[in-house]
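Going line by line, the protein sequences match chains A and B.
Our numbering numbers the first residue of the first sequence as 1 and each following residue consecutively.
Our numbering numbers the first residue of the second sequence as 1 and each following residue consecutively.
Hint data in this document are derived by calculation from the structure and do not stem from the laboratory.
Check the hints yourself; a few may be wrong.
Any copy, or any two copies together, can satisfy a pair, since identical chains are not distinguished.
Distance condition first, Cα-Cα at most 20 Å in a straight line; then the derived EDC-like pairs of lysine to aspartate or glutamate [stated by the list, open to error]:
hint : residue 1 : residue 2
1    : Lys172    : Asp70
2    : Lys172    : Asp106
3    : Lys164    : Glu15
4    : Lys172    : Glu73
5    : Lys33     : Asp208
6    : Lys164    : Asp106
7    : Lys164    : Glu131
8    : Lys33     : Glu202
9    : Lys164    : Asp206
10   : Lys33     : Asp222
11   : Lys158    : Glu107
12   : Lys172    : Glu107
13   : Lys172    : Glu79
14   : Lys158    : Asp106
15   : Lys47     : Asp206
16   : Lys164    : Glu107
17   : Lys164    : Glu202
Protein chains: 2
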Amino acid sequence: MTKPIKLYELAGADEKIRFSPFCWRTRLALAHKGLTPETLPWRLTEKDAIAFSGQGRVPVLVHGEDCIADSWEIALYLERTYPDRPSLFGGAEAQGMARFFNQWADESLHAAIARILLPDIHALLHERDREYFRTTREAAFGTSFASLTAAREDLLTKFRQITKPLRSTLAKQNFLAGAAPNYADHIVFGEFQWARVASPVELLADDDPIAPWRDRMLDAYDGLARTIPAAASRQTV
Amino acid sequence: MTKPIKLYELAGADEKIRFSPFCWRTRLALAHKGLTPETLPWRLTEKDAIAFSGQGRVPVLVHGEDCIADSWEIALYLERTYPDRPSLFGGAEAQGMARFFNQWADESLHAAIARILLPDIHALLHERDREYFRTTREAAFGTSFASLTAAREDLLTKFRQITKPLRSTLAKQNFLAGAAPNYADHIVFGEFQWARVASPVELLADDDPIAPWRDRMLDAYDGLARTIPAAASRQTV
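So here's chain A without its partners, still in its complex pose:
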């Protein structure tokens, strides 16, 4: 009765390195629902491999006859398809509110972290993806990777400014959804998992209240997010 679930995920040159923040939102949402997908590594330039989804980005989830792209649409699909499993939101109001977390993560947090990570992500990618990645991202951000690396301290300061509301919230409660994680936590943690897997740069100060939340999210769902080693631990500094 349970149809298998396939998930196309962005992979690095080493196909075990899965770092896309959007794919992590989906992985955690699946785990929250008690579902284990078959994950398929995908590289940025393999547009043909997911052309069946009608677009060119991951995550793409395939479940029987259904094919869903976009992490937010996948979350809604999972909530709709598995209403008897633990809710990703916790009610209609929380689902509405989760969309703001999704947009905040995409438009404020992601952009701030991307500027810090892009040069390190470039180095992680499969060789055939690198030129595509550099060209598209340098155009999107209007700057060169070399300039981003040179500006890293300023970019960290800006990141810490943007994450103030996250810091003050997590100083007061264990998860964004209160006592236990929901999809709001999955969304925001995806960005921190991206940073953790892609770059040895530590975004958070030792005493940052975001750090113990990040640890709680790494521990959640039987330590799912820890199954990918951190960039800092993969490198010999």
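On the provided structure of chain A, position chain B as indicated by the hints.
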């Protein structure tokens, strides 16, 4: 059985002009619960009048023997005290998530709007509050009101950047909580009501998806927020 509720609210020189974003959070939360407080006008320098609350800021809510300061604490108090009336959140997860909206409004949105409004708020205040207001705010923001007025176009650009996630969320759904407003809407709308009552400056472009949401919030609760006239309509330009 129902004990009367008193609410101390910030007022301008004209005591009918109530513009504090924090007091508006509470007014809307009370309306959501179907409660009508007796509102007491309070001026910034009247610290003695609310000294009984153990601190010096409004809103302060007095309900029988209970006295609660801070809009977030008041929201939790109302939710706890009136569990059978419409929920301000819609469950434990949504309550957790609402705290992030609270912190985002306080730390990102409020700061961006304040820089635009401060000079106009100064003009609204009771004469005896003005020097106190100028001195404390110029110190807090590290700049003079004259400089803020001169920089208004840049500040509006920055405001529009910070509100991107709000804009893209409200392009997709009627309220932050989905189909109907909850305390997340009260929190964020309080900032827009503050701007509307305090300043003739229009923060939003005509086609901004935040504008129809602001109208819906002005209409909500029998048009409660419209009972205070907008600054733009009070002035003869």
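Structure-based check of each hint:
no., hint, in the structure
1, Lys172 x Asp70, "between (31 Å within a copy, 15 Å between copies)"
2, Lys172 x Asp106, "between (24 Å within a copy, 15 Å between copies)"
3, Lys164 x Glu15, "neither (34 Å within a copy, 35 Å between copies)"
4, Lys172 x Glu73, "between (30 Å within a copy, 13 Å between copies)"
5, Lys33 x Asp208, "neither (30 Å within a copy, 36 Å between copies)"
6, Lys164 x Asp106, "both (16 Å within a copy, 10 Å between copies)"
7, Lys164 x Glu131, "neither (35 Å within a copy, 30 Å between copies)"
8, Lys33 x Glu202, "neither (30 Å within a copy, 45 Å between copies)"
9, Lys164 x Asp206, "within (15 Å within a copy, 30 Å between copies)"
10, Lys33 x Asp222, "within (13 Å within a copy, 40 Å between copies)"
11, Lys158 x Glu107, "both (14 Å within a copy, 14 Å between copies)"
12, Lys172 x Glu107, "between (24 Å within a copy, 15 Å between copies)"
13, Lys172 x Glu79, "between (28 Å within a copy, 18 Å between copies)"
14, Lys158 x Asp106, "both (16 Å within a copy, 18 Å between copies)"
15, Lys47 x Asp206, "neither (40 Å within a copy, 39 Å between copies)"
16, Lys164 x Glu107, "both (15 Å within a copy, 7 Å between copies)"
17, Lys164 x Glu202, "within (17 Å within a copy, 27 Å between copies)"
This entry does not satisfy hints 3, 5, 7, 8 and 15, going by the numbered hints stated previously.
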